[in-house]
Amino acid sequence: MQMVNETGWKPKIVAFCCNWCSYAGADLAGSGRLSYPADIKIIRVPCSCRVNPLFILRAFERGADGVILCGCHPGDCHYTSGNYYARRRMTMLFSMLDYLGIERGRTRVEWVSAAEGAKFSATMNDFAKTITELGENRKLGDLRCKK
Amino acid sequence: MMKEPLVPMIGIVTDVRVDTPDVKTFRVNAPGGGKCFEHMPGQCAMLSIPGVGEAMFSITSSPTNEEYQEFSIKKCGCLTSWLHQMEPGQMVTIRGPYGNPFPVETELKGQDLIFIAGGIGLAPLRSVINYVRAHRENYGKVDIVYGSRSKDDLVDYPEIENEWCKEAGINVHLTIDRPQEGWDGHVGFVPNYVTELGFDPQGKVLVCGPPIMIKFVLQALDGLGFDRTQVFTTMELRMKCGIGKCGRCNIGNKYVCKDGPVFRFDKLGELPDEY
Amino acid sequence: MQLMNEGTVARVVGWEKGEGECDWTPALFESVQEMDGFVYGDYAGANLSKYCVKMNKAEGKTLVVLKPCDTLSFRQLIHEHRLNRDNFYLIGAGCKGMKDESGLLLKCKTCKGKDFEIFDEIIDDEESKQPTAIMDRMEGVTALENETAQERFDFWRNELSRCIRCNACRNVCPACTCEKCVFDNPASSVASKAPVTDFEENVFHIIRAFHVAGRCTDCGECSRVCPQHIPLHLLNRKFIKDMNELYGEYQAGVGEEERTPMTTYTKTDAEPSIVRERGNA
Amino acid sequence: MTYQFPKANAEAIVKGISRAVYAPVEKDGLTSFERYEAGMNLALDTIPTDKSMKDVFFPQWENLMHFRVEGKTIELTEEERCHQDFVIFGARACDIQAVKVLDKVFLADPVDSYYASRREHCTLVALACDKPEDSCFCKNFGADPASPDADVTLYPVGDDYYVQTNTEKGEALVKEWNLDKAEEGPVEWLKGEIGKKYEELPFAHLNLKGFDGEHLKEKFDSPKWKKLSMACLGCGSCTFACPTCQCYDIRDYDTGNGVQRYRCWDSCMYSDFTLMAAGTPRPHQLERYRQRFMHKLVYFPANNDGMYSCVGCGRCIKKCPMHLHIVKVIKALGEEESK
Chain Y
34 MQMVNETGWK PKIVAFCCNW CSYAGADLAG SGRLSYPADI KIIRVPCSCR VNPLFILRAF
94 ERGADGVILC GCHPGDCHYT SGNYYARRRM TMLFSMLDYL GIERGRTRVE WVSAAEGAKF
154 SATMNDFAKT ITELGENRKL GDLRCKK
Chain R
1438 MMKEPLVPMI GIVTDVRVDT PDVKTFRVNA PGGGKCFEHM PGQCAMLSIP GVGEAMFSIT
1498 SSPTNEEYQE FSIKKCGCLT SWLHQMEPGQ MVTIRGPYGN PFPVETELKG QDLIFIAGGI
1558 GLAPLRSVIN YVRAHRENYG KVDIVYGSRS KDDLVDYPEI ENEWCKEAGI NVHLTIDRPQ
1618 EGWDGHVGFV PNYVTELGFD PQGKVLVCGP PIMIKFVLQA LDGLGFDRTQ VFTTMELRMK
1678 CGIGKCGRCN IGNKYVCKDG PVFRFDKLGE LPDEY
Chain X
1183 MQLMNEGTVA RVVGWEKGEG ECDWTPALFE SVQEMDGFVY GDYAGANLSK YCVKMNKAEG
1243 KTLVVLKPCD TLSFRQLIHE HRLNRDNFYL IGAGCKGMKD ESGLLLKCKT CKGKDFEIFD
1303 EIIDDEESKQ PTAIMDRMEG VTALENETAQ ERFDFWRNEL SRCIRCNACR NVCPACTCEK
1363 CVFDNPASSV ASKAPVTDFE ENVFHIIRAF HVAGRCTDCG ECSRVCPQHI PLHLLNRKFI
1423 KDMNELYGEY QAGVGEEERT PMTTYTKTDA EPSIVRERGN A
Chain C
337 MTYQFPKANA EAIVKGISRA VYAPVEKDGL TSFERYEAGM NLALDTIPTD KSMKDVFFPQ
397 WENLMHFRVE GKTIELTEEE RCHQDFVIFG ARACDIQAVK VLDKVFLADP VDSYYASRRE
457 HCTLVALACD KPEDSCFCKN FGADPASPDA DVTLYPVGDD YYVQTNTEKG EALVKEWNLD
517 KAEEGPVEWL KGEIGKKYEE LPFAHLNLKG FDGEHLKEKF DSPKWKKLSM ACLGCGSCTF
577 ACPTCQCYDI RDYDTGNGVQ RYRCWDSCMY SDFTLMAAGT PRPHQLERYR QRFMHKLVYF
637 PANNDGMYSC VGCGRCIKKC PMHLHIVKVI KALGEEESK
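Residue numbers (this note's numbering), protein chains in the order written: chain Y, 34 to 180; chain R, 1438 to 1712; chain X, 1183 to 1463; chain C, 337 to 675.
A couple of the hints might just be wrong.
Stated by the list, open to error - 20 angstroms max Cα-Cα, derived EDC-like pairs, lysine to aspartate or glutamate:
1. C:Lys654 x C:Asp386
2. C:Lys654 x C:Asp381
3. C:Lys560 x X:Glu1198
4. C:Lys553 x R:Asp1703
5. C:Lys467 x C:Glu456
6. Y:Lys162 x X:Glu1327
7. C:Lys363 x X:Asp1380
8. X:Lys1281 x X:Glu1201
9. Y:Lys172 x X:Asp1282
10. Y:Lys179 x C:Glu415
11. R:Lys1546 x R:Asp1580
12. C:Lys467 x X:Glu1283
13. Y:Lys172 x X:Glu1327
14. C:Lys553 x C:Asp641
15. R:Lys1472 x R:Glu1441
16. R:Lys1512 x R:Asp1589
Said to hold, decoys possible - Pairwise CB distance ranges, derived in the manner of DEER restraints:
17. R:Ser1518 x Y:Gly41: 49 to 55 angstroms
18. Y:Lys179 x C:Asn377: 39 to 45 angstroms
19. X:Thr1446 x C:Asn543: 57 to 63 angstroms
20. R:Gln1522 x C:Glu456: 40 to 46 angstroms
21. X:Glu1439 x Y:Phe88: 27 to 33 angstroms
22. C:Glu347 x Y:Phe88: 46 to 52 angstroms
23. C:Asp548 x R:Gly1619: 56 to 62 angstroms
24. C:Asn377 x R:Gly1469: 38 to 44 angstroms
25. X:Gly1430 x R:Asp1459: 49 to 55 angstroms
Stated by the list, open to error - With the Cβ distance kept under 10 angstroms, some of the chain C side facing chain X (calculated, not the full set):
26. Gly365
27. Leu569
28. Arg599
29. Ser603
Calculated from the structure, these hints are not laboratory results. The beta carbon of each residue, even a glycine, is placed where N, CA and C say it ideally should be.
Turn these sequences into a full structure, and let the hints steer you where they fit.
Structural data, given as structure tokens:
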């Protein structure tokens, strides 16, 4: 499945997935033959709190149109509390991006457990739809990386 | 000198030789064969891998080598680590030559020469040594004092053992810091060895090595009665442009990349102590 | 003040007059004779806490003159174990609002109060206890929040495009005490010395503010020193405002608690999606 | 030749120039030399501009070349040099002196062609400084605010600009403007006035005795550096505002489809300026601070027949967040001399 808007433009989406839950969730979605957009690049991280705000900004720098972070449900973190910290950090970062006038829909955090293949697929489809509607990311990219 | 000082040429790495656990020697040719440019012993060149970095390296091979240029490079940072995983055929960018060479055709001519090197410090001196060997008639007696942490850390040992040691008129004095199995040569630090060897204070001395070694070698030479005007060294500072403009290798009113890297010690003493 | 120099403290960090009326410079005094040049008054705007990091390792005690707002930074640095309280003798100096050539400093217009958070001795008078705040601290942030996303975007593009990456904001910041800044680290992928594109301007200022979030006492030095007049305090204050609203009122540098809102959590924190639900589009 | 036009016409004249024009422009309370476009706010009365004219010849960053890297091969494309004539309108004496300093660096062998191409294509129109600021001290360093050395010089007298052309390039430019010829009298009067005004400035005469190569070590070893440098934050504001600071860095940026090698300003005030794998020879702010001023006042003149690389524009006086600046250094280290 591919997300395409009227002009034929396809969004580039980066998904940071925690190794213990969401990455396994993505696996489950795959083995359950649930589809999600092919343009989503999954990056496996040991924990959602491994994601430094710079990672997200750098994804945008390099041409991402949307960035989503998936981790274990609060309370289920493999390392006990990582996702609680991630939650605060991302709230702050997203709020700051919003403050600078970057579209709110371009960033998202979702909690996806290893058993939630269906949720993973649904989340990705929904996110890709949002980004397709928002269109190309023009406000937060590095011009030098555009061809 | 090239017309466009900041625009490099493309060079090809044609051979990689492992010298010590952390030093490799790279042979560089122009894409069409031959050398990228001519140089004199002691001069340097800027090597770079686009996207990784650019840095100044001394040219290890002698100008009398007509076929290629060599760079002995120790792995110590980001760029050098990248260089160390190169294979033959890899292109690099190269620009130079930069800096003043050792005065092989003027002050050093007709003199007895003492080379004192420590570790990777042999790299720039090797160029001079091989130049002197090629023009043997122009120079007097040659002594080479070379020390390293261990036998394995002596750069380019085969050439030293098979060529330098066997050549008439050249005395090679090797030393390593600590005793090691399979080593029957001298053990001890370079400065002490220089004192032990007790050279006559005549001729010229060329020193290169870690700053701490240079400091104590100078004391040893003072002790033997050498004058600072007899001693030359080659310096290293961070460089970016190589042409005395970007400002970072500035010491006093000198730029190491342009006015150096070779300095006579009495001249160096006139500069502020910031190196 | 000079009396302190008789052995109790080895040096004094204070102010010295410059060439003109208002170009006062933070200065180091190492002997009683030098103390003749010591001044304190209307143009002592700089936050001397930053210099304490340098002085922490020096031999003997250092006497530092701190204004009420500076004591917050000092306290915060102690929380972060960057300073050892025993190495300093703190003079809390009363502040009537600091000035520069063009009048009251911006940071003094939104003064947070005249209480000294940490001190050994206070020198002040009645006048310096009067509040100097003439406007609400969060006024600027709220005004921006109420604009549309496009307006905010245009506003920040205009402001941040002036940045010349001189790093004055970073270097003056008492919270920026990393030995090696991420922006100086070639391995970080964001090291850069020039604002080559819009992105680099954005990323520098977002990350700079993010790295001090929760630790920023809102001393206002970043905006004061910016040679390009970029209102950097609006970025820091946005974080402060968000943290206050979402995680409870907090002022860095106050009280004994070392943990900041960014280094702690509760199980019932708001989800990041709250950003999408709040305020204007 | 001497010509004349009303001040009110200045904008029309700038607009009418057929080439690209760089002029001091005011935006959000800051002035800098920008490529002039209609609607911009010309700031011809500002002395000195917040950002200097250096930006035009030596921009904060510029692309030098581009590499395509594929496997083991590298392909290099050079960035084009400046090849179109342009005009700088409204340069001050200090700006021009600064360009002379930059010339000594960039036009010395080997010539920096990126800089040289811009110098070559430039016609300089200067403005005499009828209202110098308290922070000005340019005459100490060889600039003359009354008659800046450019292709064309404008003298503001009353409601008019008097125009004097000094070179053929300048004459050709002024011809385009179709101006009325004028008497030289008012120009001479203004020069006298400026001379008098300058004398009243606080830093009009600084004692520069001893700032030369001969006293290099003595100045370097002065114990005063410690106190002078104490408040320095190590930000780069002074170096970036300075019209003669020309230290630069060359960096690569991997765009994902090639590598751009660009040059950008660097600052000797930064801790990583001289950092090598083995450490740095200038580990403290004291050494970095000393380097900057020693370079301007001692090293540079030692290499360039006594020409200082400070031009007395006063920008560092205005920009330093901690109010440290070169006048304080000159006074502190100069006094030592007389004692």
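Evaluation of the provided hints:
Pair hint Lys654 (chain C) plus Asp386 (chain C) holds up; C-alpha atoms about 9 angstroms apart against a cutoff of 20 angstroms. At most 20 angstroms may separate the alpha-carbon atoms for a hinted pair to count; Lys654 (chain C) and Asp381 (chain C) meet this at roughly 17 angstroms. Of the pairs offered as hints, the one joining Lys560 (chain C) and Glu1198 (chain X) holds, with about 15 angstroms between alpha carbons and a cut-off of 20 angstroms not exceeded. Straight-line distance between C-alpha atoms of Lys553 (chain C) and Asp1703 (chain R) comes to about 14 angstroms, which keeps the hinted pair within the 20 angstroms bound.
A threshold of 20 angstroms between alpha carbons decides the hint, and for Lys467 (chain C) with Glu456 (chain C) the separation of about 30 angstroms lies outside it, so the pair is violated. For the hint linking Lys162 (chain Y) to Glu1327 (chain X), the alpha-carbon distance of about 27 angstroms lies beyond 20 angstroms, and the restraint is violated. With a C-alpha separation of about 18 angstroms, the suggested pairing of Lys363 (chain C) with Asp1380 (chain X) holds against the 20 angstroms cut-off. Restraint check: the Cα-Cα separation between Lys1281 (chain X) and Glu1201 (chain X) comes to about 16 angstroms, which is no more than 20 angstroms; the hinted pair holds.
Between Lys172 (chain Y) and Asp1282 (chain X) the alpha-carbon distance is near 36 angstroms, which puts this suggested pair outside the 20 angstroms criterion. Under the criterion of a C-alpha separation no larger than 20 angstroms, the hint pairing Lys179 (chain Y) with Glu415 (chain C) is consistent with the structure, at around 18 angstroms. As the CA atoms of Lys1546 (chain R) and Asp1580 (chain R) are separated by approximately 15 angstroms, the hinted pair is consistent with the 20 angstroms bound. Distance hint between Lys467 (chain C) and Glu1283 (chain X) is fulfilled; the C-alpha atoms sit about 19 angstroms from each other, no more than 20 angstroms.
Of the pairs offered as hints, the one joining Lys172 (chain Y) and Glu1327 (chain X) holds, with about 18 angstroms between alpha carbons and a cut-off of 20 angstroms not exceeded. Annotation: proposed proximity of Lys553 (chain C) to Asp641 (chain C) holds, straight-line Cα distance about 18 angstroms (limit 20 angstroms). Between Lys1472 (chain R) and Glu1441 (chain R) the CA atoms are separated by roughly 18 angstroms; this keeps the pair inside 20 angstroms, and the hint holds. Taking the CA atoms of Lys1512 (chain R) and Asp1589 (chain R), the gap is about 15 angstroms. The hint holds against a cut of 20 angstroms.
At about 43 angstroms, the CB distance of Ser1518 (chain R) to Gly41 (chain Y) disagrees with the hint of 49 to 55 angstroms. Lys179 (chain Y) and Asn377 (chain C) have their C-beta atoms about 32 angstroms apart, which leaves the hinted 39 to 45 angstroms range violated. Between Thr1446 (chain X) and Asn543 (chain C) the CB atoms are about 59 angstroms apart, so this pair conforms to the stated range of 57 to 63 angstroms. About 44 angstroms separates the C-beta atoms of Gln1522 (chain R) and Glu456 (chain C), a value consistent with the hinted range of 40 to 46 angstroms.
Between Glu1439 (chain X) and Phe88 (chain Y) the beta carbon distance is about 29 angstroms. The supplied range of 27 to 33 angstroms therefore holds. At about 49 angstroms, the CB distance of Glu347 (chain C) to Phe88 (chain Y) agrees with the hint of 46 to 52 angstroms. Remark: the range hint 56 to 62 angstroms for Asp548 (chain C) to Gly1619 (chain R) is upheld by a beta-carbon distance near 59 angstroms. In this structure, Asn377 (chain C) and Gly1469 (chain R) break the distance hint of 38 to 44 angstroms, their C-beta atoms being roughly 56 angstroms apart.
Distance hint check: the CB atoms of Gly1430 (chain X) and Asp1459 (chain R) are about 54 angstroms apart, consistent with the given range 49 to 55 angstroms. With 10 angstroms as the threshold, the beta carbon of Gly365 (chain C) comes within range of chain X, its nearest partner Cβ sitting at about 6 angstroms, so the hint holds. Below 10 angstroms, beta-carbon pairs count as interface contacts, and Leu569 (chain C) has one with chain X at about 4 angstroms; its hint therefore holds. The interface hint given for Arg599 (chain C) is met, as the beta carbon of that residue sits about 9 angstroms from the closest beta carbon of chain X, less than 10 angstroms.
Using the Cβ-Cβ criterion of 10 angstroms, the hint placing Ser603 (chain C) at the interface with chain X is satisfied: the shortest such distance is roughly 8 angstroms.
Of the hints listed earlier, those the structure fails to meet are numbers 5, 6, 9, 17, 18, 24, in rising order.
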